[in-house]
Structure formats: C-alpha cells, structure tokens
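Participant: Put chain A on the given structure of chain H with help from the hints.
The lines below spell out each chain.
Protein chains: 2
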Amino acid sequence: MVKEKPKQESISPLTGKQYTIPETIDDKAGIESFCDLHPGKKVVVVQGLGFVGSVMSLVVANALTEEYAVIGIDLPTPFSYWKIQSINEGAFPVIADDPKIEQFYQKARKKKNLYATCDPHAYSKADIVIVDINLDVKKQSNNNGHLEDYSVDLSPFKKAITAIGTSCKPDVLVLVETTVPPGTSQKIVRPILEECLKERGLATDKLKVGHSYERVMPGPKYVDSIQNFYRVYAGTDETSADATEKFLRTVISTDEYPLTRLGNTQATEMAKVLENSYRAMNIAFMVEWSRFAEEAGVNIYEVVNAIRMRPTHKNLMLPGLGVGGYCLTKDPLLASWARMNLFGSEEPLEQSETGVHINDQMPVFAFQYLQSQYTSSLNGKKVLLLGVSYLNDVGDTRFTPVQGIYEQLIGAGCEVTLHDPHVMYWEEKRTRVNNNLDELLKQPYDLVIVTTGHKDYRNNPVLINKLADQQPGFIYDTIGILTDDEINKLKSKHIVKVIGRGDL
Amino acid sequence: MVKEKPKQESISPLTGKQYTIPETIDDKAGIESFCDLHPGKKVVVVQGLGFVGSVMSLVVANALTEEYAVIGIDLPTPFSYWKIQSINEGAFPVIADDPKIEQFYQKARKKKNLYATCDPHAYSKADIVIVDINLDVKKQSNNNGHLEDYSVDLSPFKKAITAIGTSCKPDVLVLVETTVPPGTSQKIVRPILEECLKERGLATDKLKVGHSYERVMPGPKYVDSIQNFYRVYAGTDETSADATEKFLRTVISTDEYPLTRLGNTQATEMAKVLENSYRAMNIAFMVEWSRFAEEAGVNIYEVVNAIRMRPTHKNLMLPGLGVGGYCLTKDPLLASWARMNLFGSEEPLEQSETGVHINDQMPVFAFQYLQSQYTSSLNGKKVLLLGVSYLNDVGDTRFTPVQGIYEQLIGAGCEVTLHDPHVMYWEEKRTRVNNNLDELLKQPYDLVIVTTGHKDYRNNPVLINKLADQQPGFIYDTIGILTDDEINKLKSKHIVKVIGRGDL
Chain H
131 MVKEKPKQES ISPLTGKQYT IPETIDDKAG IESFCDLHPG KKVVVVQGLG
181 FVGSVMSLVV ANALTEEYAV IGIDLPTPFS YWKIQSINEG AFPVIADDPK
231 IEQFYQKARK KKNLYATCDP HAYSKADIVI VDINLDVKKQ SNNNGHLEDY
281 SVDLSPFKKA ITAIGTSCKP DVLVLVETTV PPGTSQKIVR PILEECLKER
331 GLATDKLKVG HSYERVMPGP KYVDSIQNFY RVYAGTDETS ADATEKFLRT
381 VISTDEYPLT RLGNTQATEM AKVLENSYRA MNIAFMVEWS RFAEEAGVNI
431 YEVVNAIRMR PTHKNLMLPG LGVGGYCLTK DPLLASWARM NLFGSEEPLE
481 QSETGVHIND QMPVFAFQYL QSQYTSSLNG KKVLLLGVSY LNDVGDTRFT
531 PVQGIYEQLI GAGCEVTLHD PHVMYWEEKR TRVNNNLDEL LKQPYDLVIV
581 TTGHKDYRNN PVLINKLADQ QPGFIYDTIG ILTDDEINKL KSKHIVKVIG
631 RGDL
Chain A
131 MVKEKPKQES ISPLTGKQYT IPETIDDKAG IESFCDLHPG KKVVVVQGLG
181 FVGSVMSLVV ANALTEEYAV IGIDLPTPFS YWKIQSINEG AFPVIADDPK
231 IEQFYQKARK KKNLYATCDP HAYSKADIVI VDINLDVKKQ SNNNGHLEDY
281 SVDLSPFKKA ITAIGTSCKP DVLVLVETTV PPGTSQKIVR PILEECLKER
331 GLATDKLKVG HSYERVMPGP KYVDSIQNFY RVYAGTDETS ADATEKFLRT
381 VISTDEYPLT RLGNTQATEM AKVLENSYRA MNIAFMVEWS RFAEEAGVNI
431 YEVVNAIRMR PTHKNLMLPG LGVGGYCLTK DPLLASWARM NLFGSEEPLE
481 QSETGVHIND QMPVFAFQYL QSQYTSSLNG KKVLLLGVSY LNDVGDTRFT
531 PVQGIYEQLI GAGCEVTLHD PHVMYWEEKR TRVNNNLDEL LKQPYDLVIV
581 TTGHKDYRNN PVLINKLADQ QPGFIYDTIG ILTDDEINKL KSKHIVKVIG
631 RGDL
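Same order as they appear, the protein sequences are chains H and A. The opening residue of the first sequence carries number 131 in our numbering; numbering runs sequentially from there. The opening residue of the second sequence carries number 131 in our numbering; numbering runs sequentially from there.
In isolation and in its complexed conformation, chain H is listed as follows (with noise of 0.2 Å):
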C-alpha cells in the first residue's frame, strides 16, 4: 500500500487565507491565456517572489519606456505558493511603507500586464528573465556567536538555472540579480544554460547572460531602490552586456542615475559583495570600540561624533548590535567562499572574515554584558524589548541580531514582551509582536531593553516620561539612542546602560 502523501498548505501571514498546493503543476493554460493578451509585447519572468523579485516585477511591468508582459514564478513551497495565488487574487504579498507598492501593483492589475505562477512553462515565452532567487550560507557557529565553519550550496542556485534552460527560447536574455559568488554568471550560469541548449539540440550562440545587481532597501524607498538609483551591470559577452543595458533603460530612470557598465560579469558580481563586506566590515569596526569604550570608559559616540569632522571620516558608522538581514550577514563569506572555491586561492578575504565573526558576537556579548551589570537573578524577570526589526523604521526581521539576545534572555527564563511598530509577526521565532506602546507600558516591566533604532523610540519625549514613571528598574540601551538628557532623567529612578557609554 502506498501511504498517501498528505497535502500541503501555505498560509498568507497577511490575511491568514489558507491555500492547497496542487500536487501537480499545470498551469500552461493560465500562462497562454495570459501572453494571449498581450500580442508583440515582449514577455519577462522574474523567478523568485521575494523582497527583491516581487518588486521587482512591479518595476518591470510600470517600466518606463516599454510595454512589457510580466510573469513571476516562485516554486509550489508553503512558503512561497501564497504570494502567487496573493498576486493574482489582487493582495500584493509585501507589506511596506512605500506607498508606490500599492500604486504600481494597481496600476498592474489594471494593464493586467502581471501574472504569477509556479509552472516553469513561463520560462518557453520569457524574452527576459530575470533571476532573484536566493542564495545562502549555511554559518556554522559555537555558543559565544563564534563563527566557526561556513558553506556554500550551490545546488537549489544550480537547479533553478537549470529549470530555464529545460523551456527557455535559445536567444533568451537570462539577467542575474540575486548576489552570488563572483564568477558565478560566468563560470555556473551559462555554462549550465548552454549545456541545456544543446541537450534540446539547440543553438547556443544567440544565448545571452548579464549580470546586474540591485541595491534594494526595503522601507519607505522601496521601489526607488530599484527604479531611482544606480546600477551596475555587464555580460558575459559583448552581446550579452549591450541586451543588459537596453533592458535596464527601459526600466531603470537612467538619465539620473546612469548605468555603469563594467568590464566583465566577474566584476559586476564582486561589486555588490564588496560594497556589503565594506559596510559589514565598517559596522564590526564599530562593534568591537565600542566594546573597548565600554571596558576604557569612555563615551564612544562622543568620540565618534568628534571623528566624523574629518571629511575622511565622515563614514565612519555609530555603533550598534551588530549587522541583521539577508545581505550584510552572508556577502562577506560568499565572496571569501568564491576567492577560494572558484579562483583557487588559498587565503580567504580575511578582513570581511573577520567582519562577520564580530557582527555575529555582539548579541552575545550584549546579553553578557545585560548579566554583569544585572546584579540579581534573570530568571522569572519581566522584559520588554523595544524592536525586533534589524533595521531602524522598517518591518524586517530577517537574521535580526535582536534574535540573539531575545533567545538568551528566555534561556535565562525570562518573561520577554516584544514591541515594534512595524512588525506584528516574527516569522522566525513564530511568536506576536505587539505594536501598541502605550498599552504595553501600563504593566510594570523589570528591565526594558532597546534593541531597534525606530524613531518611535527616539527622541520621543512621551516614551521617556512613561518609563519614568514606571516602577523602578532597569533600562538597557543596546544601541545608543538615548540622549545624555534622557539618560539623566531615566537615571533619578532606573539603573541605566548603554553600550559604548563607558562613562555612565
């Protein structure tokens, strides 16, 4: 007797509407009726449904200066089959404070120029397809946040390649967006792309592979992140980088932002994972002063505030818990990976390295430092974390360094409420997060802990005198956004901390 596999769901975290996923995709129908109503224009598939490929196909199907018809895929996962059916049903699968989102969705709906779908059919009509799929690194990492091992699995990357070169049309444009090791577009894409080809009996000289990387910051800009702001770009040929180009025109406002095009796709690819490493980098610097002020007593936000008058270091960053999100956590080691993996040399990138191993120890030091100062016990204590988003007036939670402490302080058993005005549910610890302050400041909480720069918490008088006028306790500044003025009211009733302030 064969046992019945039993079917699965995806749920909208949005509205909580339930889907079955078909156990067998045949959506041919759907994906013809839909390029039916859309005669001569040319057709893009975005593959990859999430922060960057949802957008993405919006800012494709209002492009500027063409009509283009456009299907984004996303495979039949619970975690992904919802935002398809939400696309096409008319609820636009990202919540953001961007209003153009809404705008540009509606204004799809209504040219009925976007589909969504999960058969890879879609790829036989795509002209363009743009690849915003996800690839990771697994982090292999001890107790103290320690990163000790790292890999790079490329399969799920290889196999979705693959899915475009099984139907694809052989003068396809495949652009890839998603940030990869440098050399992949170059040294996995095309070859894999060719390989299908010619396993189909196809030719592969009208065969075109760029590689162009967005800048996407989820939030109130998001969709100028994508249409007003610089790219970068090339190919793997001349051919392929002049088609790069021509598309991005017609989307991207480049006669504000023009386009760079770079010498090969190598390039474009260690572009984007410099720039993050760079700012991951600059961000440990930071970590680890901070650390260092707080052992020396001194008051490193002064002392930074001091430095950033020299035009040189002006960039210099304020410190923080560390880095959180998708990008700056992971880029650095994609890069070490690829210097060692696809170019044979035997030192990593030792510097980005080096980087990511502080950013991920700062939440565990920031709890340890939370117990050497905490004189009593944890266990049992009331807590209120104030953010769980990893970015300051933004609803994402993604690799959140706030999960680290909040993990540790219920390791230690305490009673954890969680705020954030931006985000109502942590998908990753599944748990509610609770967006009304006011409400939540009525109980009495043994320490309250700042863990997200939102300007709810800043400068926000309000916020000050009700904790205040709470019982006294213990308020915990992970990331500095306490005034000198706020402190030293807090301070006539509260024990207060803050990291880098090595002078309180």
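Hints are computed from structural coordinates only; laboratory data are not their basis. Here the structure is a predicted model, which is why all the values come from computation and not from measurement. Among these hints, one or two may not hold up.
Said to hold, decoys possible - What follows is a set of in silico ranges between Cβ atoms, one per label pair, in the way DEER data are often shown:
#1 A:D615 with H:S383: 26 to 36 Å
#2 A:Q236 with H:D523: 52 to 62 Å
#3 A:Q498 with H:K268: 50 to 60 Å
Just so you know, even glycine gets a beta-carbon here, dropped at the ideal spot from N, CA and C.
Facilitator: Coordinates of chain A only, in the frame set by chain H:
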C-alpha cells in the same frame, strides 16, 4: 686605566655638517638668557623635535593671540643633536614643500622667541610642556610579512615624562600630543608626574595634564595641518581640560575649526588611534580585494569607481601597496595593546590587528606577484624603482612599504636604481636616491616599477613616451596610476602589469 669613551658625532643630513655631542650637557646659561629676553611671556617647552614637535614649536612661536617664549628640547643623540644646533644656527631641520615652514621659522628668528636645547633644565622654566616624543611598537613578523607578535615598551616614554617631573613647576600644564595607548595620560603620565612632585616635596593639586592629539600631515599643508584643523582635547580633570582649551585657543584657528572637548583623556587617546585604525583597516580591505580581483580577472579600479557613486561608499579607498608612515603601521596595535594591557580585556581589537598584518604582507605579495609574472630570472636585472616615499608628493620614508619590495629585489640579485622627486637620501636604507628622472631614463632597464603615486608619475605624457621608447622590458605598476591609454601605449612594446588589474 679607564678606556676613554669615543666622542659621539651627529651629522645633519640636510647640510652634511658634523656636530660633536658634548659629554656633559649644561645649557643652563643659554636657557636662562633666552628666558631673560622674554620677561612676562609664558614659556612653552616642546619635548621632541621630530616631524610633529619641530613644526609644533614653530606654530607656538607664531601663536595667534599670545606671545610665547618657545624652547624645543630633544635628546643629545646622534639622531637628534644636529636638529638642536640647526634650529639655533638658522637652518630649520625639516625639509617640506610647505613655504609656511620657512616663513614661520624666519618670523620666530626675528622675534628671537624660539630656542633649542637638550638640557632638561628647560622644564623648570616651563608654564606649558607639550609632549611630542615617539612611542613605538616593536613588531615581530615572519618572512611573509605576517605579524606574529608585537610589543609596546613604555620605558622610553616613561623616562621622558620623569624628566619633566624632575624639574617642572608644580602648576605646569603637561599637554600630551603623542599618540599613546588609550589610558596613558590618566594611568601613566599623571601618576609619574605626581610621584616626582611628591618626591621633591611639592604639592600636586595644581598640576594639570591634558591630551590633545595632532593630525599633522607632512607635505604642502604641513603648518595648516596644525594651525588650521580640527582639534579634539580632554583633561585628566576639569582644570586640566580648561587649561588645555585656553592654550589651544591661542595657537589654533578655533573660530574656523572649532575645538571638541571629550569627557576624559581615555576618550581623546582612543579617538586618535580609532581614526588611524579605521584608515588602516580601510586600506587593508582594498589590499585584500585587489588581490582577489587579480585572481578573478577583474579591474578593481573600475569596481571601486562604480561603487563610489553611492554616497554611503564614497570613502572607499583605492588599492595600493599597503600602508607606510609612522602612524597607520602601529596605531591599531597600540589600541589593541591598551585594551588588553591597560584595561584587562582578554580580547584584542581583532579587526584592527587583522588590518595591520594584511597591510604588512602587501609588499611581500607585490614581489611574489612580480616573480609569478616575470618569467625569467630576476638575478642581475636592472630595475628602476619610481618612488621610495610612502606618501604621494611628500618625501617621507618612515616605514615605507617600498622598503619591502626594494629589499626583496636586492635579495633576488637585482641592480636597483631609486628615483624620488622628494627624497635625496633614504635614511633607513642609508642610500642615495636620484631625483633626475630625465637623466635616469637615458639608461636602459629590464624592469621599471612604480611604487609611489607622486604627481611626477601621474598623467605625465613625457614620462610615458620615454618609457615607451625604452628597450622592450617589463613595466610593473604596483599602485594603479597608469591609465588605460597609457597601458595600451606601453603594451605595444613592453609587458605591462598592474596590481588589481586582473583584466589585463
């Protein structure tokens, strides 16, 4: 029979003049009669007449809003004695492109308010002592330039502070400008001075110790880098901070470049080493990525220029030969040492230490890269090295990374000719440097290596034409100053390699 100690000589590298160092130092009469010339004026003693102290003494002698009597003091060693004699005889011991140096010196000569000595009796006359002596880090590195260990020996520094304490007035202001491990003013300088005063039976409550770091940049803006630049300062107590501020206002254009007072001297000491660690780390970052670019067939220069379009990444540096000079090569280590040795941390500043050892390895890599590209043996080859200074358009050879390449070329049996427009004599290597490029280029070379970014080598069509006319050889640009057009012109005859130009 007592063996007679041979007389020590001190030779001016500027004039060749030879001075015999007296066996006993007694300049009481000289000091007293200098002070008698300036009744009612405050006496400022500048301790240390190196790159900072000598020019600082000029700036104080030409203070903006007060007239000081300035005494420069240094040790009676072969390295320093000639400087003291030179100052008093009318030849300022610093050669620089900055005409203000000579102007300031002549003004002070006219006012007769600058005197130099090596007699510690000077400290007894001082209202203010400015500490501008060196504080060095000893590095132990292996043959690959890999930093294996380092140490900080504070004893010469402590001895110098003791010399002040042995003679100074009890209400002196000792202003430390030396780059010191954070914690030094509070934990080392002040206690030594108080101890000395107590031993002399004097009160310690009027003693003032401040710290304010210089940001001196030898070169065409030498004087301005002291007089017209931002200053950060602090005191070991409130009175010291006030006295430091009052003094700085008289010598620095604080209207245009406001002073910043920090909470304590640990903070100002930290600010200085943080600034330099940040810079060293950013250089190391590009050193590593330029090597990766080399391996991956990427032009790192076009990558960096593409990224710099982002406002957040404008400070990204261009690659080079690593770092040189007195500060960036050691300050990150001073900081890390202080963290562990003065504040008891078990952890170093990892990001900063990593930066130092990546930078230190770069000259080794630059040579290894040459070996890998230069197919025949280097033994007996004629090499022209363009630039020995560590910095563009300045003649400063302290810890220049060119030394690493130079020594390896010599080790490989090359016959090396040195050119630098700003260096006539390379003190550390005790060798003459030619500054007549036209004449040098009349001879043929097997290899021409560009090692410093002087403007004489940049966008210089005459140089490029002469190089192009040389017998076919190997042109190696270690710092990326050749343009694409220049490379193409040279390539028609020569082999051309540029570090970080994997696309060539």
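Participant: State for each hint whether it applies.
Facilitator: Structure-based check of all given hints:
Taking the beta carbon of each, D615 of chain A and S383 of chain H are about 32 Å apart, inside 26 to 36 Å as hinted. At roughly 59 Å, the beta-carbon separation of Q236 of chain A and D523 of chain H lies within the given 52 to 62 Å, and the hint holds. For the pair Q498 of chain A and K268 of chain H, the supplied restraint of 50 to 60 Å is violated, since their beta-carbon distance comes to about 33 Å.
The structure fails to meet hint 3 from the earlier list, while all remaining hints are met.
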